[in-house]
Amino acid sequence: MPTESQILSELLAGTSAAPYVHPERIAPSTVYDLQYRMFVVAACLRVSGKVEGAFRKISANKLRLLQFVAMRPWLLDVVREWSASRKDRQRSLQSSQSLRRGFLSDGMHDNIIDYLVATGCLFKQKGQIAEPISSVILSGLFDTSEKDGLFTTETDAIRELNEIVITNDMLEGW
Amino acid sequence: MAKIARSRPAYPRRSRMPARSARTSTRSGPNSFAHKCIHRNRLGTLRLLAGVRICGTDCTLFEALSALMSNVDAYATTLASLTGNAFQAEVCARLQSVVLGFQTIPSKPHGDAGLDGFSHEGARGYCCYGPELKTYRQARSLEKAIVDKFKSDLRRLLELEFKKTILTCCENHEMATILPVGKKLMHVDLVVNWFESHRVVGPIHTAFLEYKQSSKLRYVDANATVAIIGPTELANRWSVDELTLVRAQQKIFYQSVQDTAKTLVIESPKTFDEKMTLLKDIRPDQLQAINSLVDQFLYKWRMSLAFDIKLNETMPGLHQALEASRSRIVTRIAALMLASLAPWTELGKAEEIARAVLDAEFGSTYGSMMDDIAAGEVARLIGECSVGWSRPGGMNAN
Numbered sequence: 003m004p005t006e007s008q009i010l011s012e013l014l015a016g017t018s019a020a021p022y023v024h025p026e027r028i029a030p031s032t033v034y035d036l037q038y039r040m041f042v043v044a045a046c047l048r049v050s051g052k053v054e055g056a057f058r059k060i061s062a063n064k065l066r067l068l069q070f071v072a073m074r075p076w077l078l079d080v081v082r083e084w085s086a087s088r089k090d091r092q093r094s095l096q097s098s099q100s101l102r103r104g105f106l107s108d109g110m111h112d113n114i115i116d117y118l119v120a121t122g123c124l125f126k127q128k129g130q131i132a133e134p135i136s137s138v139i140l141s142g143l144f145d146t147s148e149k150d151g152l153f154t155t156e157t158d159a160i161r162e163l164n165e166i167v168i169t170n171d172m173l174e175g176w
Numbered sequence: 119m120a121k122i123a124r125s126r127p128a129y130p131r132r133s134r135m136p137a138r139s140a141r142t143s144t145r146s147g148p149n150s151f152a153h154k155c156i157h158r159n160r161l162g163t164l165r166l167l168a169g170v171r172i173c174g175t176d177c178t179l180f181e182a183l184s185a186l187m188s189n190v191d192a193y194a195t196t197l198a199s200l201t202g203n204a205f206q207a208e209v210c211a212r213l214q215s216v217v218l219g220f221q222t223i224p225s226k227p228h229g230d231a232g233l234d235g236f237s238h239e240g241a242r243g244y245c246c247y248g249p250e251l252k253t254y255r256q257a258r259s260l261e262k263a264i265v266d267k268f269k270s271d272l273r274r275l276l277e278l279e280f281k282k283t284i285l286t287c288c289e290n291h292e293m294a295t296i297l298p299v300g301k302k303l304m305h306v307d308l309v310v311n312w313f314e315s316h317r318v319v320g321p322i323h324t325a326f327l328e329y330k331q332s333s334k335l336r337y338v339d340a341n342a343t344v345a346i347i348g349p350t351e352l353a354n355r356w357s358v359d360e361l362t363l364v365r366a367q368q369k370i371f372y373q374s375v376q377d378t379a380k381t382l383v384i385e386s387p388k389t390f391d392e393k394m395t396l397l398k399d400i401r402p403d404q405l406q407a408i409n410s411l412v413d414q415f416l417y418k419w420r421m422s423l424a425f426d427i428k429l430n431e432t433m434p435g436l437h438q439a440l441e442a443s444r445s446r447i448v449t450r451i452a453a454l455m456l457a458s459l460a461p462w463t464e465l466g467k468a469e470e471i472a473r474a475v476l477d478a479e480f481g482s483t484y485g486s487m488m489d490d491i492a493a494g495e496v497a498r499l500i501g502e503c504s505v506g507w508s509r510p511g512g513m514n515a516n
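Chain order of the listed sequences is A and B.
Be aware that the first sequence starts at 3, since it is given in this note's numbering, and climbs by one per residue.
Be aware that the second sequence starts at 119, since it is given in this note's numbering, and climbs by one per residue.
Because the hints were derived from the structure by calculation, they are not lab data.
Each hint should be verified, as a subset may be incorrect.
[What the hints assert, rightly or not] Listed next, with one range per pair, are the computed distances between beta-carbon atoms: (1) A:Ala120 - B:Asp377: 38 to 46 Å; (2) B:Thr253 - A:Phe125: 54 to 62 Å; (3) A:Thr32 - B:Glu239: 56 to 64 Å; (4) A:Gly142 - B:Pro402: 51 to 59 Å; (5) B:Ala478 - A:Asp35: 20 to 28 Å; (6) A:Tyr34 - B:Ser486: 25 to 33 Å; (7) A:Arg82 - B:Glu239: 51 to 59 Å; (8) A:Tyr38 - B:Arg258: 49 to 57 Å; (9) B:Asp359 - A:Thr32: 33 to 41 Å; (10) A:Tyr34 - B:Ala407: 35 to 43 Å; (11) A:Tyr34 - B:Ser482: 22 to 30 Å.
[Stated by the list, open to error] Computed cross-link-like contacts, DSBU-like style, restricted to lysine-lysine with a CA-CA straight-line distance of at most 30 Å: (12) B:Lys226 - B:Lys330; (13) A:Lys89 - B:Lys428; (14) B:Lys428 - A:Lys64; (15) B:Lys269 - B:Lys226.
Yeah, the Cβ is synthetic: ideal placement off N, Cα and C, and Gly gets one too.
Using the sequences and the hints, build the whole thing.
So, in structure tokens, the structure goes:
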């Protein structure tokens, strides 16, 4: 049985239609866009981070979950269900397996954090990710986006996540 | 059974303990540091034995057992949600992986004679039944369906049939070419995807005893036994590893991708539509074929998008591999089409190329859906302007 592209090929073969190919037009997924990922980290820090001294800090594990869900806001319901079932270990395991696998294996996030640490935008401090208050790179990115009304879905998702109880048990595996 | 070599001392060194535990564990008794050490060390062995992946660094034995149970439960749940041939295929794959010499019996072209597989040189038989649970509104009708199906299978094994409600002997010719010569079944496992009522047990066992008395017992021993096995029983019978789960969940994953694809709407596939409209203008004699092609492409494009979404949600590593594969697909197709004097012939190979690229990354896990995803990727290339055609002597479709 011919495939769809074979049928298309046969339909076009008998004509003088001119083919063209633009490989550069394939848009990569935003999940792999450095600026976008930097914005999400900035938004997580600004919305959920706590100011301690000269730094704005957030738990590295919490940041991992927040940024993952912020980019996939349809998973908010899964987090809610997981949070509601956290006292029932068995139910908690079953309801959240896919989500855990998702955010725990998000290697791209590790790369982004490593990059931001290497460039001096962030610091790693005993399980915390810290941004100097004086730094303007990430906070500037967030302020600009807020001013122009960009990425509101992501920011709203992080705000909603703040309303959900997320314990250390949930963040550190089981 | 393979032995697990233990090269480390029976108890972990204190320095390996997390500082938090080391500071606080000064008590004796079940919460003491030594007690935790013993448990943690046993936990390591448990992880090895059970293949349980523990993400946390400071798990308790209870937590590990929860994880172990989770594997079994997850497998049982997965089995319970499989139906029909998918359920039978998974049960056979499972039995093949854990029972040495398990033999599946192809149902085509001559039928399986009521037996889906056997092992122990023909001494143990297996029958599967995976009813579509959604179609049964009441448990009673589901129980009846299960009882009827297995009774029918047992009658075939025992070479019996009803003639006007009277049980009479008949011949099951295919059994002679299934079981080894001279071998009789000593035990039959009846594997079903729903076993939450004891009301299927009595009728099946009673019928089996009755059938044995009426049968000539050519292929079943007079002392043969029967047992009904549900998803939980099958999951509990042997340890469940990650590979088993992945294999079973892959079938569920396929279903979830299909379900997601049904809910997806490709927002304004303007470029795709324009190209297809142009194709209709160029080939007005093939309108029906083009319409059918459009439907197929759009369906598979949605499948491809659903696959993308599912991987992105739960397996970012694989999603990254998908993204890289897409880039390779477009590069290869572009290279072939641009270099060829007959570019349309090369376009015909697009799906083949996409399939080969995707197979390298996903073939072993998601092989069954790769044809659809490959076609979806080609549709995406057309829809996102990468590959197209222009009117003879005119401008591009986009």
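Could you tell me which of the hints above the structure violates, numbers in ascending order?
-> none
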